[in-house]
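Q: Spelled out, the chains give:
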Amino acid sequence: MNIKYWLDLYVVLIKSSIRSRMQYKLNFILGTVLAAIVQIAEFLMIAIVLNKFGAVKGWSLYEVGYLFAVMTLSKTLYRTFASDVHHLENYLTTGELDQLLTRPVPILLALMSQNIRLMPGELLQGGTILYWSMHGLITSGQITWAALPYTLFIIVTGGVILFSIGLATATIGFWITRIDELQTLTEDAAQTAVRYPLVLYPVWLRSLLLIVIPVGFVGYVPSLFILRGEYGAWLVYGIAFLAVICLIVSLKFWKFGLTRYQSTGS
Amino acid sequence: MKPSQPMIEVCGLHKQFKTPVVKEGRFAGLRTLFTREYRMKEAVKDISFTISQGDFVGYIGPNGAGKSTTIKMLTGILHPSSGEVKIGGINPHHNRRHVAKRLGVVFGQRSQLWWDLPVKDSYDILAHMYKVASSEKEKRLDELGELLDLKEFWLTPVRKLSLGQRMRADIAASMLHDPDVLFLDEPTIGLDVTAKRSIRGFLKKLNSEYGKTILLTTHDMDDIEQLCQRVMVINHGKLSYEGTIGNLRDKIGLPTRIHVTFHGTYQMPIPKDLSLPVELGLDAEHTFQIVEASSHEIHIEANRQQVKAMDILRMVSGWGEVADIHMEEPDFEDIIHRIY
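Same order as they appear, the protein sequences are chains E and W.
Under this note's numbering, think of the first position of the first sequence as 10, with each following residue one higher.
Under this note's numbering, think of the first position of the second sequence as 668, with each following residue one higher.
Here chain E stands alone, though its shape is the one from the complex (with noise of 0.2 Å):
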């Protein structure tokens, strides 16, 4: 009953959301259609680089594509239902955040359902490139579609992580309310860096981006056992639990954080 509260809820604030956007339906209109042209654009971009490059170290351009096309559907997933806890620093210059915290709502849900941007132009783009490259290596016959299932419970478990990095990173602008540039970093310039397999840069980087920033987890570990088949499919259950372990840990220090909150004067 509990949970059913929750989803109703959850699905009342969204319909409610998109109805304010509807408000302005030339923007909502334009807004899409264009994070779809960006979207394409950076595609066919990217695909030019690694057309005239063609492998690196040892990665073929079906399995840079795929790594591509994870990293993108995770990251549209987690931004598709987190999508003004990216935000909060809108919320904490402003003191907007008071309204969601007289209500007895948890702040996370509200958040989550505040402002909600359908992104089906990142979603094509994914969902093209995966398929692209998923053919081209079932046809080289390197897998098979068994590993698609795999893929789309990688998507999910790396959406969670990227999930997770954000709400941390959010909850740090508790303490200094401007997160802009931090965000850059752990979410922006990290989500980028993983988009190629992690061989290409030096030890040092390659470890922040798994251990500090654990972003490398969202597509580059598990298409190790996925694409290549080292380790075992063990490898995927493990993330599924290293996912589990970052959400708990960055929902307490949320928790935390929300205890020090300073609002704004009035």
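Keep in mind the hints are simulated off the structure, nothing from the lab.
All values reported here derive from a predicted model rather than from experimental measurement.
Glycine included, each C-beta is placed from N, C-alpha and C at the ideal position.
You may find that some hints are simply not true.
Said to hold, decoys possible - Ranges between beta-carbon positions, derived for each pair:
1) Tyr33/E with His993/W: 55 to 63 Å
2) Arg269/E with Glu691/W: 19 to 27 Å
3) Phe701/W with Ile12/E: 38 to 46 Å
4) Asn762/W with Val58/E: 51 to 59 Å
5) Asp859/W with Asn36/E: 30 to 38 Å
Model the placement of chain W on the given structure of chain E, informed by the hints.
A: Quick look at chain W alone, frame taken from chain E:
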């Protein structure tokens, strides 16, 4: 629930704000993160009070005195540095959501409603949040709609409401789940006289007829005078007064002004060439002042704690034939100004 049961209990509340000194230049955010320099600001120092069920209490103080900070701690928005808050026996910092269900909160400066949606939609969403059954919701909205005249802008998006309409809609929203306690942070700010009057009337009704416990902050002294049974004054983060408005008047002891007009001439028992003001008295303890005198009129200032108005009048009526008497109680604004 029995009346006079404590509804809001606040004990030894402190709030310090610790803000890192913000750096400038490149990587300012990161450098601020690792800085060890802090500025401490004590916004609220050792505040304790109890508000019983059914009380209507005004919470006043100058800007920056710590009013909003206190309200935010009571509602569970801010966590205190030390001390404890209990609303209906429950701590809002340990059980925020639980307490939130029993609270109605209105911030005059900020709407709680969904900005881009019609007013009605906000109520639908809130009813979901607070688990208000739809039959109950309809009933309550009918009632609130009647009292606050909501129907005329029922389908208007919140962003297009006038300030008065918005405030009414906001107050209705805070009442939808039938809370026990209402926190109002400057609910009449920026409103015109009519809008203020309608909101005051409604709040009065909420308190007297529905028995809601209300804590109100405001800069409008008429709000306080017309609504509150009790006031608390905060200044520099400390409670400087707590009690009834009448006691507050007495404590400050601003003089009552008495204007006496005579038929024809009158004779004061003082030498003609003495410059005003002049102090007179029944005896050494009970004195009043004559501040102004013209051919037919005198102005007297007296502290009603020291001397009874009747005694003064009895004395004055001996000086000539009194035509008219006008008494002015000290202005509440002046009292507050004295306290600040």
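Q: Please go over all the hints and tell whether each is borne out by the structure.
A: Hint check:
Between Tyr33/E and His993/W, the C-beta spacing of about 60 Å keeps the proposed range 55 to 63 Å intact. A beta carbon spacing of about 23 Å between Arg269/E and Glu691/W agrees with the range 19 to 27 Å that was offered as a hint. Separation of Phe701/W from Ile12/E is about 41 Å and conforms to the stated range, judged on CB atoms against 38 to 46 Å. Under the hint 51 to 59 Å, the C-beta atoms of Asn762/W and Val58/E, about 55 Å apart, fit the expected range.
The hinted range of 30 to 38 Å is satisfied by Asp859/W and Asn36/E, whose Cβ atoms lie roughly 34 Å apart.
Comparing the model with each numbered hint stated earlier shows that all of them hold.
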